[in-house]
Amino acid sequence: MEPLTTDQLRAMPCVIGIETAAQALGISRTLAYRLAKENRFPCRVIRIASTYRVPRADLERVLGMADHDPPPGDPAEP
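Quick note on my numbering: the sequence shown kicks off at 1210 and runs consecutively.
Because the hints were derived from the structure by calculation, they are not lab data. Any given hint could be a false lead.
[As the list claims (entries may be wrong)] Computed Cβ-Cβ distance ranges for the label pairs, DEER-style:
{"#": "1", "residue 1": "Asp1216", "residue 2": "Glu1247", "range": "16 to 26 Å"}
{"#": "2", "residue 1": "Lys1246", "residue 2": "Val1271", "range": "17 to 27 Å"}
{"#": "3", "residue 1": "Ala1258", "residue 2": "Asp1216", "range": "26 to 36 Å"}
{"#": "4", "residue 1": "Val1271", "residue 2": "Ala1220", "range": "13 to 23 Å"}
{"#": "5", "residue 1": "Thr1214", "residue 2": "Cys1252", "range": "16 to 26 Å"}
{"#": "6", "residue 1": "Glu1247", "residue 2": "Gly1226", "range": "30 to 40 Å"}
{"#": "7", "residue 1": "Gly1273", "residue 2": "Ala1220", "range": "29 to 39 Å"}
{"#": "8", "residue 1": "Gly1226", "residue 2": "Asn1248", "range": "15 to 25 Å"}
{"#": "9", "residue 1": "Glu1228", "residue 2": "Ala1266", "range": "15 to 25 Å"}
{"#": "10", "residue 1": "Pro1212", "residue 2": "Ala1266", "range": "25 to 35 Å"}
{"#": "11", "residue 1": "Cys1223", "residue 2": "Pro1251", "range": "11 to 21 Å"}
{"#": "12", "residue 1": "Arg1270", "residue 2": "Gly1226", "range": "24 to 34 Å"}
No residue lacks a Cβ here, since even glycine has one placed at the ideal position from N, Cα and C.
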């Protein structure tokens, strides 16, 4: 599975599935679920019933993307 590009990640919704977050991090789906269950996932995980969701902003911070480049289509701040 190919890791996600910066543009692909930034085009996603505010909250993404753990499998997509795993892809962005370059880790396996199995490892992502194990880390989430052990509260060791590298960013915040929101559990809703049996579903795991990851805030995209938290994932961007872990990947070092936060506050560097504006998302596509957003004007740069002066």
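These are the hints, each one checked on the structure:
1. Asp1216 x Glu1247: 16 to 26 Å: 31 Å, violated
2. Lys1246 x Val1271: 17 to 27 Å: At 18 Å between Cβs, range holds.
3. Ala1258 x Asp1216: 26 to 36 Å: 31 Å, holds
4. Val1271 x Ala1220: 13 to 23 Å: Because 18 Å falls inside the window, the suggested range holds.
5. Thr1214 x Cys1252: 16 to 26 Å: This hint holds: roughly 18 Å between Cβ atoms.
6. Glu1247 x Gly1226: 30 to 40 Å: 18 Å, violated
7. Gly1273 x Ala1220: 29 to 39 Å: With a Cβ separation near 18 Å, Gly1273 and Ala1220 fall outside 29 to 39 Å, so the hint is violated.
8. Gly1226 x Asn1248: 15 to 25 Å: Given about 18 Å between the Cβ atoms, the range holds.
9. Glu1228 x Ala1266: 15 to 25 Å: 18 Å, holds
10. Pro1212 x Ala1266: 25 to 35 Å: 18 Å Cβ-Cβ, so the 25 to 35 Å window is violated.
11. Cys1223 x Pro1251: 11 to 21 Å: Holds - the Cβ-Cβ distance for Cys1223 and Pro1251, about 18 Å, lies within 11 to 21 Å.
12. Arg1270 x Gly1226: 24 to 34 Å: About 18 Å separates the Cβ atoms of Arg1270 and Gly1226, which means 24 to 34 Å is violated.
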